[in-house]
Amino acid sequence: MRKHHFTLSRSIDDEGLVNLTPLIDVVFVVLILFILVAPLLELDRVALACAAKEGTKEALPIQENAPIKIHVFADNTIWIGNTCVKTEDLYPYLKKCKAEMPHTIPQVYHDKEAFFGTYQTVKNALEAAGFEEMDVILKPS
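According to our numbering, the sequence shown is numbered sequentially starting from 19.
Please note that a few of the clues may not be correct.
Stated by the list, open to error - Below, simulated DMTMM-like cross-link-like pairs (lysine to aspartate or glutamate); rule was C-alpha separation at most 25 Å, straight line:
id: 1; residue 1: Lys141; residue 2: Glu151
id: 2; residue 1: Lys87; residue 2: Glu145
id: 3; residue 1: Lys113; residue 2: Asp153
Please keep in mind that the hints were generated in silico from the structure rather than gathered at the bench.
Full structure from sequences and hints, please.
And the structure:
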């Protein structure tokens, strides 16, 4: 009787091994790129007013008779005071307001249904007109 010895080929043993080196290299390259690029990004940050102490329902007072009140409604129309202002006319109008009232801080009332792009347009026009600050008025909770 002849004995047959079956030998396992090396290919079966090697199937369990996966070379992860290229994947790890790619992950490290992406990580290094993120570390290098992240500080260069310019992000707009909104400084929020501090919350009232617990137990009190006080909100920070707003200036009721502010000379520059900008209302952005749900249909994305922009009103300054009682005047509807088109997007194209926003910068010249605000530039004129800045010349007349240089120390005024504009108040922006932005409807929560309006687009963020409209807010960004108003903010950019205010910055271009020379305003360094603006108050964003929120509905108290």
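Evaluation of the provided hints:
Only pairs whose Cα atoms come within 25 Å are accepted, and Lys141 paired with Glu151 is accepted, the gap being roughly 10 Å. A C-alpha spacing of about 15 Å is found between Lys87 and Glu145, which places the hinted pair at or below 25 Å, so the restraint holds. The straight-line distance between the Cα atoms of Lys113 and Asp153 is roughly 17 Å, inside the 25 Å bound, and the hint therefore holds.
Of the numbered hints stated above, none is contradicted by the structure.
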